[in-house]
Amino acid sequence: MSAQEKVRPISGWSTLAFALDWNRPPRQQATSPFWFLASDQFRFQRTRADVYSTPLGNGALRGMHVADCNALAARLGWMPSYPTFDRNPLDLTREAAEAGMEAPAYVVERLKAQELRFAAEDPDAPENFPRVLTLWRANLLGSSSKGHEYFLRHVLGVEDAAVRNVEAEPDQRPTDVVWHDEAPTGKFDLFTTIDFRMNGSALYSDVVLPAATWYEKYDLSSTDLHPFVHSFNQAVPPPWEAKTDFDIFGRVAERFSELAVEHLGTRTDLVAAPLLHDTPDELAQPFGEVRDWKRGECEPVPGKTMPKLVPVERDYTAVYRKWRALGPLAEQLGSSAKGIPLKPTVEIDQLRAANGEIDGRPALTRDVHMCEAILALSGVTNGRLAVEGFKGLEQRTGTRLADIAEEHADVRITFGDTQVQPRKVLASPEWSGMESRERRYNPFTINVERNVPFRTLTGRQQLYVEHAWMLEYGEALPTYRPPLNVLGVVGTQLSGEEGRKELHVRWLSPHNKWSIHSEFQDNLHMLTLFRGGPVVWLSDVDAREIEIADNDWCEVFNRNGVIVARAVVSHRIPPGIGLMYHSQDRHVNVPLSEITETRGGTDNSVTRISLKPTHLIGGYAQLSYGFNYYGPTGTQRDEMVAVRKLLGKPVY
Amino acid sequence: MQVRAQIAMVMNLDKCIGCHTCSVTCKNVWTNRRGTEYMWFNDVETKPGVGYPKQWENQERWKGGWELKGGKLRLKAGGRLRKFATLFFNPELPTLDDYYEPWTYDYETLTTAPTSKHQPVAQPESQVTGRPLDLQWGPNWEDDLAGAPEHARLDPNLRDGVEEQVRLEYEKAFMFYLPRICEHCLNPSCVASCPSGAMYKRVEDGIVLVDQEQCRSWRMCVSGCPYKKVYFNWSTGKAEKCTLCYPRIEAGQPTICSETCVGKIRYLGVVLYDADRVQEAASVADEKDLLPAQLSLFLDPDDPEVREQARRDGIAEDWLDAARRSPVYALAVKHRVALPLHPEYRTLPMVWYVPPLSPVMSLVEGPGSEADPDDVFPAIDELRIPIEYLANMLTAGDPEPVRVSLRRLAAMRGWTREKNLGVDPDPALAAAVGMEPREIDAMFRLLAVAKYDERYVIPQTHGEIGLSPYARQGACGLDFEGGPGSCGALEKAKDPFGAEPLAAPGDGRGGGSNVAFLDFRKAT
Amino acid sequence: MSRADTFFWVLLPYVTLTSFVVGHVWRYRRDGFTWTARSTQLLERRLLLVGSYAFHLGILGVIGGHILGILIPNGWTDAIGVSHDLYHWVAIVAGGAAGVLLSLGAIVLVYRRLKIDRIRATTLRSDWVMYPLLLVTILLGMLCTFVGGLVDEYDYRETVSPWFRSIFTLQPKGNLMVDAPFVYQAHVTIAWLLYAVWPFTRLVHVWSVPVGYLARSPIVYRAKRGATRTALR
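Keeping their order, the protein sequence lines are chains R, A and H. For the first sequence, our numbering assigns the number 1 to the initial residue and increments by one for each residue that follows. For the second sequence, our numbering assigns the number 1001 to the initial residue and increments by one for each residue that follows. For the third sequence, our numbering assigns the number 2001 to the initial residue and increments by one for each residue that follows.
Some hints here could point you the wrong way.
From chain R, some residues computed to sit far from chain A (all C-beta separations above 10 Å) [unchecked claim]:
#1 D122
#2 A325
#3 G360
#4 E475
Distance ranges between label pairs, derived from CB positions [what the hints assert, rightly or not]:
#5 A/I1017 to R/E449: 29 to 39 Å
#6 H/L2057 to R/A235: 51 to 61 Å
#7 R/E449 to A/R1417: 18 to 28 Å
#8 H/T2123 to A/V1449: 49 to 59 Å
By construction, these hints were calculated from the structure, which means they are not laboratory data. No residue lacks a Cβ here, since even glycine has one placed at the ideal position from N, Cα and C.
Looking at chain R on its own, in the form it has when it is part of the complex (with noise of 0.2 Å):
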C-alpha cells in the first residue's frame, strides 16, 4: 500500500500490514530512537536532557542524559522499543516454559533482579544490536538518515564516513545506559535494499532486489493533499529481474517458512508493547507522575508501570500459508481506529467470493486481493462499516452520529471501482472530518460540530499538558523556544586552516520543488532543470565574503560529516543561512571532499540525530504512544555548518 502523508483506509491497511488477522499485538518502534542508538549517535550528544529545563523546574530530568531518557521510556512503557531485552525473547519463554511459569512474569522477575535488562539501556553490547535490515519504500541512506555519516560508519562499517565529532565526556554520559570505550562499528550484519532505483541506500546495501515502478503493479494510493483513493495499475510488467513488492514479500515468505520447518518451528515470542493511546492505558501512569520501578519508585506492573507483556504463539513455517490468506482475527477482533471497534462481518464473505478462498479462508494470493481487502476493512472505503463505526461512537458520547455517514451507508468501494476513476472517501470514524457530498474533509469538524469529545485527557482542545516533564521543561503551556545553542556547545566548525575563507551559517534544508524527497532528484529532465546536481543555497552577502561565485564548488561541514556541492548564490537568501533542498542523495555529480578526501555526502551528513526528551513521553493521557502519532522526531535541522570554497578540481 503506497501513502503520502496520509493512509485514508487505515483500518484495513493496518490489519494487513501489521498482519493483526494474524496475531496481535505487533512489534513497532519509533526511529529516531531506534537509530539514536543503533548508529551510535547518542554517544555524541553532549548536553544532557536538564540543558533546556526551566528554573522553575521540578528537577525531573536533572542529571539525565537524552539515552537515559529513552531507556526509561522503554522500561515504563511510553514507547516501544526493539530490540527490547538484551536476550532473545524466544528464549525467555521458552525459560519461562521450563521453569513452570507463565511468560510475563517470569520477565518481571527477572527484571527485578536485574538478570535481564531491557537492550535500551546497552546498545553498544553486541547481544543488543539489530542485525538485519530490510529497507523499503524509503532512502534511508541517501535521503532520511539523520547523522548520515553516523549511519555509514557504525551500522554499515564503512571505512570512509565522513564523522569527525568528539564523544561525550565521562561527566556528559549517561547513568543508566552502559558506556563502552570503544563504539562499535558495522553492527548491521545484511542490509537489503528493494527499490527501483541505485539510490544512495542501494549502493551501501549487501543485496538489492530490483522493485517495479508505479506503472508494473497494482496498488492503492491516498494522500492528505486530495480526498481520492485511486490505484495503480500494471501498464507493463516489471522487466527484466524486477518484481513487485508483493511479489518479493511473497517470495521471501516462502522461502522462509521452507527454511523455518527445520531452523524455528513454532515458537513463542513475547511482545513488550507500550501503552496506548485511544485505550484505558492512558490512565496507566496518572497525574503526569513519573515512577521509575528500577528505582524502587514503584512496582514493576505491566501494561501499568512497564509494558505490556504478550506471549504470541508463531508458527514460523506457516508464515508464507498466513501470508496467502486474510486471518480470522479479521473479524473475531475486527480493528480499532482511535479506538472505535469496526467489526467486518458481511465483509469477510464478500472477500471468499471476490478473491477467492485459501484453506477456507479469503485469499490474499494476488495484490489486487490485499487492495480489495484494504477497501473492504476500512470505513473510509465501506459505507456500512462507517456507520457501524459512528454507531459505536454513538453508545460511547451519548450523542447520534451516524446520520454523518447514512448517505454513503451502502457505498462499497472495489478496488475495480478504483480502477475507473480516483474515487472519493466516505466520512468514517477513522478520522474527524465530516466529508459528505456537499463537503470536503476538514480535521476535528466532528468534535467542534457534533461534539465529539477530542481524545484528549480533558475530552476537550487542551493547552495545558501537565506531566512532569514538561512542567520540567516549562512547556507544560506552548511557548517560543529559541533555535539550539549548537556552537556554544560543540565550538566553531571552522577548519582553521590557514588562509581559507570559511564562515558558518545555520543550515536549513526545506523541501524540494521537484522532488517526493529523493524521488526524481537523478532524474535527467529534474537535473536538467537546474544545475545538474546537489547544490547548497547561499546568500550573495555570506558569498562575497568566503569568495564564493556562482556555480562554484564548495564544502560544507561540520564535526558530524562534510558534504561537496556547488554553491548557487542568491540575494533571495538571507545571509546566515545556508540552505540544501533536502534529500538530492549522492549518487550523481558528488567529487570527493578535500577535507576528508571522502566521497561528499547527503544533507544529512552535516546534521545528528537529537532527541527530544518530552518527545518520549508516554503512558499519560493524549501522549500515549499510537502508531504515526506522538514520538520523538530527529529534531536534525537545528544545525550550524561552516562552508568554504573547494581549493582544486573537483575530484570524483
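The hints should help you fit chains A and H onto chain R, whose structure is shown.
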C-alpha cells in the same frame, strides 16, 4: 478585409507557480530525441534573468524580428541579399553554449562499478559528444533567482531607468515566472527569414511550422526569430519548433503544455483577424502604438458583418461560434488584462500574458504604510515588481496598459472579496476601472474558476476541406517505416517515381498518408 | 582501346551518371527529410567561419573554372578572341587561386570535423565515403592545375573536355583519354565516383541554392483547401 482565424493563447503570470510541468511534458512528447536534447519548445524562465537562450531579449545583440527602415518593415538581421551573403555563416546565429550543452549522466556505473575505495557516482557527460562535461549553464539555470546577483543584471528588460529601481537585495527581491512557447506570430520573421520556403503559416489556424522535408539547413530562421523559439536539430540538420501540438489542436484538444498545466494558467481560443492589414499594423511608426495596432486587427466575433465576411472567407460556423466564446479574445480584447510579449519586435505575437500582481512595497514600510490595504489603486505604481519592468516586457515600455491591467486585477480581487464576505460590492469599484459589474464577474470566472472547456475553446479542424476523406480511408496513426499491418506495408509499396494512382491529390511524394485498397477514384 | 580503357572512359561515366540521375530522383522524392546542408554552426563557429567561406567561395570559383574549361569548347573562346595563352594564365592564376582557397577551406573543415568532438558527433557514414572522394578529387585537381598547368603543360581542352562533352551526346570518345596524363585520368575517375555517390550524401544541398527566395513574398502561407502537399512537422 480578409478574415482569418488563429488559435491564440494567453498565460496568466499571476498564477504561474514555476513548476515546469509544461516544459517536461512538452519535452517528453516532442523533444526527447537525438539532436533535440537542448530544445525546450516550452521553457519557463525566472525573471529578472537573462532567460534561455542567454539574453534572447537583446535584439541589439541577436538582431531578431523586424525593424522599420524608411517607414518600411525590414528584417533586423537583413533582407534577401544579406541572407545570401551569409548563407555559409550566419553571424547572428546563437551557439549551443548560448542555450547550453545538453548532458546526461553515466548512470550505468552505479550498477557496474567494480569494488572501489569510494562509493561510485554518476558523472555528467555531454549528450552531443559523450565526454565528461563541466556544467556551466542550463535551460533554467536562474530558477528562483539562482545566481541573480551575477546574471540578472544582464536582463535586457532592466533598462531605461528600471535598473535603478530594481535592487537585487534580500529586502527588495521580486521575481515571477515567464513560461514561453512559440508566439505563432501574425507577421513571423522566422518565416520571412527562411530562404528555402520550408517555414510557413497555416491559413486555417495560424500555426507556424517547419516542413521537415523541405528545410535545407540554412538556419536563418533561428536568428530571425526574436523569441528564439525556432531551434536547430544538430543531428538531423533541420530546424524544429513548437508546433502548437497541431495534431491535438486539429482534434479540438489543447496543447500538451496547456493540458498538463498544474496552475491552470493557460487559455486557448480563436481570434479572428484581418489578414489584409497585418503589414500595416506591424509598420506603425511608434513602437508603443503596436499594441493598439494589433488589437485593431482583432475582429469582433459578435459583429454580424465580421461573421458574414468570415463566411465568405471560408471560415466554418463552428469556428465562428468558438470565436464568440474565446477566452483569449475575452482576456486580450474585452477585459484588456492580457498583453503581448515584446510587441516592439513587430512580429505581432499571438501568445499574450496577464501580468502578475505583487505585494505593495509601501504597505510594509515607509510612507503609505498607514494606507488602507484594500485601496490598492494609488499603490499600483509601488508594487514590488516595477511597472516599468513589466512595461518593458509587455508594452514596448508604455506603462499605461500595464497599469490598466493590474488595476483591473486588483479591482477584481477587492470585488470578489466583498462578495465572499457576504457584502454587496460597490459598483463604483468596477466603474473605477472602466468595467461593468457583470464584466468583473465574468473576468473572475475566467481567471479563477473556469473549467477545462471554458479555458480551452478549440474548434476542431474540418478534415473534409482540401483532402478527400475517401482517399484517407484506412489511414491510421501507425503509418511509419515498418509499421504494423497494412499501414507500413503500403508505405513501402509506393511507386518511386510517380504519384500512386490511389493516393490523395498532389501527394506525389507520398506525404505520409495511407491509401484505400479499394478506392479507384482520383481524389477530388 | 583496351578493356580497361573502355571501362574507365566509356562504361564508368555512364554507370556513375545513372547512379547520379536515378539517385537524385529517388532521394528528392523519397528522402526529403535528409536533404539538408547539415549545418554545424550551432556547435562550433570560429573554424567554420574561416573554413566554410574559404571552401564555398573557392568551390564557386573552381566550378566556374570547370564550366569555362570543360563545357565551353575551344572554338568558342577562340572565336571571341581569347588567346590560348590568356586562357592558360587565367586558368592558372584564377583557377589556382580558387583551388588554393578551396583546399585551405577543405583542410580547415575536415580538421574541424575530425578534431572537434561536437562536430564529429554529427558525421554520417555517407560522410566517410564522400569526404575522401571529395578531398582526393580536390587534391588531384590541384595537381592537374599545377603539374599539368605549370610543370608539364598539357592542353586538356583538346582531349579531356571534348571527351567529357561527348559522354552527354552519347557518342563517347573514350580514345581521347587514353593518352591523357595520369593526374587527369585519376582526377576524372575519382570525380565520376564522387558523382555516383553524390545523391546519397550531404552534397545534394548544392542543388538547393535558394534562388527562389529572391523573388518570394516574405511570409509563406499554406492552406489545406486545394492543398498541394500535406503539412508536416
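Consistency of the hints with the structure:
1. D122: Holds, because the least Cβ-Cβ distance between R/D122 and chain A comes to about 32 Å, which exceeds 10 Å.
2. A325: About 37 Å separates R/A325 from the closest Cβ of chain A, which puts it past 10 Å; holds.
3. G360: 45 Å, holds
4. E475: 33 Å, holds
5. A/I1017 to R/E449: 29 to 39 Å: With Cβ atoms ~33 Å apart, the hint holds.
6. H/L2057 to R/A235: 51 to 61 Å: Since H/L2057 and R/A235 have Cβ atoms about 57 Å apart, the given range 51 to 61 Å holds.
7. R/E449 to A/R1417: 18 to 28 Å: Given range 18 to 28 Å: holds, Cβ gap about 26 Å.
8. H/T2123 to A/V1449: 49 to 59 Å: Given about 56 Å between the Cβ atoms, the range holds.
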